[in-house]
Amino acid sequence: MPTTTYDNTGVPIDDEGFFTDPARWTEPMAEQIAKEAGIDALTDRHWIVIRFMRDQYAAKGTGPTVRVLGKVSGVSVKELYQLFPKGPAKTAAKIAGIPKPRGCI
Amino acid sequence: MADTATIEKVSVIVSKGSLEGIYPALIMANGARAEGIEAELFFTFFGLDAITKKRWEHIKLATVGNPGLHLPTLLGGVPGVPGLVTRQMEHKMDKLDIPPIPEFIEMIADTGAGIYACKASVDLFELAKEDLVEQVQGIITVGEFYQHAAGGQIIYT
Chain P
1 MPTTTYDNTG VPIDDEGFFT DPARWTEPMA EQIAKEAGID ALTDRHWIVI RFMRDQYAAK
61 GTGPTVRVLG KVSGVSVKEL YQLFPKGPAK TAAKIAGIPK PRGCI
Chain R
106 MADTATIEKV SVIVSKGSLE GIYPALIMAN GARAEGIEAE LFFTFFGLDA ITKKRWEHIK
166 LATVGNPGLH LPTLLGGVPG VPGLVTRQME HKMDKLDIPP IPEFIEMIAD TGAGIYACKA
226 SVDLFELAKE DLVEQVQGII TVGEFYQHAA GGQIIYT
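Here the protein sequences line up with chains P and R, keeping their order. According to my numbering, the first sequence is numbered sequentially starting from 1. According to my numbering, the second sequence is numbered sequentially starting from 106.
Keep in mind the hints are simulated off the structure, nothing from the lab. Don't take each hint at face value.
Partner residues aside, some chain P positions facing chain R, computed with beta carbon under 10 Å [stated by the list, open to error]:
id : residue
1  : Ala-23
2  : Ile-39
3  : Val-68
4  : Val-77
5  : Lys-90
Glycine is no exception: its CB is placed at the ideal position from the N, C-alpha and C atoms.
In isolation and in its complexed conformation, chain P is listed as follows (with noise of 0.2 Å):
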């Protein structure tokens, strides 16, 4: 299994550069990940997205979808792709530390 270096740190991802163990992440690996992700900041606004992942991941044992995440979340459809162009659910979970969500919806 890959591993890599967030905050100086080594964690096992998996071939995408998705977390595999949540509990390696921590909120400095964030901003990195985001950067690798193609976001150069994260505002107040993404870590409402990020926290949420994290917290659904906790209580469900899988990341949210885009559906859930826009009428739960407290973050719109239209803004959660203005925060995450290349696909919310997706982005947010890799940034949040969380395993690839797998859903059709």
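Following the hints, complete the assembly by docking chain R onto the known chain P.
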């Protein structure tokens, strides 16, 4: 890190007005946006029902001539059966977090995907811009559709 995304843009053509004709197209377009792929939907012929105000809340599953349903053809034509089978399917989809068609189209528009109506079909059914839902960005010709689709993949459902 593996970068497997090679498709950058898709245009999905929706020509059928049945539940099972419309949902796959919506799921493909929404799924494309979820992967960061540019997407647009082009509604033509009976597919227009999905973006017509009077009709988009009343899309039914085809219960006659649909072998995939494994329902006797005669039974599929009994009054009330299409509605019943459609409600059952909608109930199942709701459990899988698949939204109803109006909500789905609103959501897809919010993802930044383009939603277009085919001009020939709009004329054929004697519809006007006001008959279509507000998410429709334009009534376009086939030629204009190909201009929009240029450089991407075209999916016909």
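Which numbered conditions among the earlier hints are violated in the structure presented, ordered from lowest to highest? As far as the earlier hints go, 1 and 2 are violated by this structure, in ascending order.
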